[in-house]
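Chemist: Here is what each chain is made of, one letter per residue.
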Amino acid sequence: MQDGASKSCERVTGGGEAAWVGPPITGSWGHLPGHPPGPPTRPSPARAMAAENSKQFWKRSAKLPGSIQPVYGAQHPPLDPRLTKNFIKERSKVNAVPLKNKKASSFHEFARNTSDAWDIGDDEEEDFSSPSFQTLNSKVALATAAQVLENHSKLRVKPERSQSTTSDAPASYKVIKSSSDAQLSRNASDTCLRNPLHKQQSLPLRPIIPLVARISDQNASGAPPMTVREKTRLEKFRQLLSSHNTDLDELRKCSWPGVPREVRPVTWRLLSGYLPANTERRKLTLQRKREEYFGFIEQYYDSRNEEHHQDTYRQIHIDIPRTNPLIPLFQQPLVQEIFERILFIWAIRHPASGYVQGINDLVTPFFVVFLSEYVEEDVENFDVTNLSQDVLRSIEADSFWCMSKLLDGIQDNYTFAQPGIQKKVQALEELVSRIDEQVHNHFRRYEVEYLQFAFRWMNNLLMRELPLRCTIRLWDTYQSEPEGFSHFHLYVCAAFLIKWRKEILEEEDFQLRGFSPSTARRAFNRLIPFHALLPREKPPALVSMGRWNPKAHHTWRQQGARGTCTRVS
Amino acid sequence: MAKQYDVLFRLLLIGDSGVGKTCLLCRFTDNEFHSSHISTIGVDFKMKTIEVDGIKVRIQIWDTAGQERYQTITKQYYRRAQGIFLVYDISSERSYQHIMKWVSDVDEYAPEGVQKILIGNKADEEQKRQVGREQGQQLAKEYGMDFYETSACTNLNIKESFTRLTELVLQAHRKELEGLRTRASNELALAELEEDEGKPEGPANSSKACWC
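Chains A and B, in that order, give the protein sequences.
Sequential numbering from 1 applies to the first sequence in our numbering.
Sequential numbering from 1 applies to the second sequence in our numbering.
Take these hints with a grain of salt, some might be off.
Computed list of lysine-lysine pairs in DSSO-like fashion (alpha-carbon distance at most 27 angstroms, straight line) [stated by the list, open to error]:
#1 B:K75 with B:K101
#2 A:K423 with B:K141
#3 B:K141 with B:K75
#4 A:K253 with A:K502
#5 A:K502 with B:K101
#6 A:K253 with A:K283
On the chain A side, residues computed to face chain B include the following (Cβ under 10 angstroms) [claimed, not checked]:
#7 P225
#8 M226
#9 V266
#10 Y300
#11 H309
#12 Y313
#13 T323
#14 P325
#15 G409
#16 Q411
#17 D412
#18 G420
#19 S433
#20 F488
#21 V492
Hints in this document: simulated from the structure, not taken from any laboratory.
Yeah, the Cβ is synthetic: ideal placement off N, Cα and C, and Gly gets one too.
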């Protein structure tokens with residue numbers, strides 16, 4: 001794992017100013033505790049130039065697909081800005097020369113050097129002096145890694161954690177699993193119809209982990225206690241949120257690597273632009289917006305049965321029971337009514353797009369997050385009749401407004417001919433053709449069209465491919481990125497493809513087996529170590545995420561990986 | 001790896017949202033039925049090989065989203081289909097009325113000579129029936145199509161209708177088919193050779209005949 005850290009460090013410095021490019025996901029989610037603490041955002045000049053660069057980004061003529069930005073995983077929130085600054089300085093010093101001389105694009109370098117970041121090592125306890133660590137040939141990497149480790153060790157509470165981490169996580173994981181298991185098997189035996197749902201291939205095979213209850217609440221009973229780092233982070237969030245005028249830039253910075261569960265609802269309201277930064281105005285705003293929403297309901301909802309809205313309402317009505325059909329929460333009549341109202345009001349207020357299938361999915365993260373404010377555990381099985389009318393109304397109105405804000409940024413995905421999606425799928429194709437020509441050519445050779453599998457990735461923001469809790473975590477980041485749901489999402493999709501490049505390249509007979517969205521989804525469900533997407537949740541599991549995995553690396557080298565591997569001498 | 005099929009066809013499922021297109025497909029390819037379902041977004045597909053008349057036919061079945069907004073996407077798949085299922089729900093008069101619209105879309109976007117078949121799904125929902133069987137038959141006759149009432153839930157006429165459409169497509173391509181029969185054994189050997197060398201030459205060689 002130390003390897004992963006140093007590799008990432010080596011790569012992240014690219015050229016500090018270009019727009020985001022390909023690998024942030026691998027680079028940030030596959031991380032380990034050893035990674036430098038630091039903000040996910042680039043230096044401020046970078047921000048200023050990002051817009052400009054993003055315009056040029058798609059031009060093929062660009063020699064590099066874009067420079068790699070410092071990307072920090074959820075494990076590594078900004079702690080001490082000075083530390084970060086020094087660290088970046090140091091890295092750029094060390095790397096400036098070698099990077100310039102590199103022929104290959106910085107992306108390929110990055111990809112190569114982080115290709116095993118997702119591998120889960122077999123050993124839970126591999127120490128820093130293990131031989132595999134020493135196989136790194138790069139002095140730079142060693143120096144960087146040492147620095148990282150030193151920094152990290154300062155920030156970490158060693159004594160209790162080192163041993164307990166390994167035992168805690170699997171244990172808590174088991175607890176979660178078993179409770180969910182029980183739920184699932186109860187459902188299975190309750191109704192014969194439910195049972196085959198698990199096998200159904202066109203439905204995502206949900207991992208047996210509750211949605212949000214455990215996303216990061218380490219202090220819930222049975223879960224491991226919060227680390228000092230996590231406490232510090234939470235404290236930082238609380239500080240930001242309670243200051244007279246919340247510094248939104250800072251909040252975005254902090255949120256990029258994941259928002260602690262405790263403060264997620266209010267953070268999301270702020271990030272989406274629903275709540276004002278000024279604390280004094282918040283209460284009033286909330287009150288006003290909630291009233292406004294219920295004003296809409298009063299004014300328009302009865303029109304759902306009128307001729308001109310019939311199609312819209314019918315479609316929503318058909319789709320609501322088909323929204324997360326495996327999660328009991330969404331099968332409750334009260335919840336379904338809430339969804340119908342939210343979607344109908346949004347649809348008739350946005351006639352250019354109206355309601356389009358898939359938009360129903362986009363309400364769920366908001367609903368679940370705002371609901372989690374009132375529910376300690378097991379949100380997916382929570383009976384909403386336990387909540388007061390007022391609380392439910394607040395959740396409904398807030399979900400509506402936040403979803404509206406989200407959709408404002410991607411409305412062209414849903415207007416006639418869905419130009420937003422078409423453009424994004426094209427952009428994805430273009431991007432992949434440059435950052436991974438092999439995969440791109442493979443698709444072309446076997447006549448696999450990007451539209452075939454990527455249409456839904458864009459239309460549903462990967463929600464059909466990921467479990468809800470991962471989507472929620474992903475949206476922490478999307479909401480802290482400018483145009484996260486449109487622009488940044490594209491890179492996440494590209495990162496997914498490249499993550500599965502090996503499986504894709506091994507597939508030669510697409511005609512026989514097909515590479516449908518379902519195939520892709522199954523592959524994701526089977527192979528993605530989902531906890532990788534939620535680094536804060538299970539630190540011990542994460543420890544293995546970026547772990548040096550000699551076997552995987554060996555295999556990777558055996559495959560030739562485009563013929564060159566500069567990592568190991 | 002020996003070739004597992006002789007010909008490859010593309011079939012397409014179209015019809016209003018919620019008539020059960022995905023359920024028909026799941027029943028046919030996986031013999032599964034699920035009452036609660038997620039909606040299809042854009043286009044999805046499944047594959048299955050069936051043997052008709054001694055020929056191993058690999059069918060790729062494209063399942064489309066029924067909502068109108070998706071039609072820009074779904075229409076792109078019409079022109080590549082050799083056979084099309086037009087599906088309505090017997091418990092929805094409206095979905096039956098819309099068959100006319102679906103047929104005109106097919107006329108506009110699908111290749112000439114595409115084979116069509118009319119399906120009235122959810123035949124098990126007798127109490128909710130809004131469209132009589134004879135109405136279905138009549139409509140099918142008007143358009144010169146075969147007609148089946150099916151139920152993905154009770155597995156009624158699923159295999160029959162898929163096999164029938166495949167037969168129709170095979171018949172429509174009888175000429176190419178004759179050529180295939182005479183060449184079949186040679187090509188099989190050739191395909192195996194290529195794979196031994198580990199150099200598949202691309203999709204053209206991996207399926208022996210694909211009329212698209």
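Chemist: Tell me, in ascending order, the numbers of any earlier hints that this structure violates.
Modeler: Result: hints 2, 4, 5, 7, 8, 9, 10, 11, 12, 15, 16, 17, 18, 19, 20, 21 break, sorted rising.
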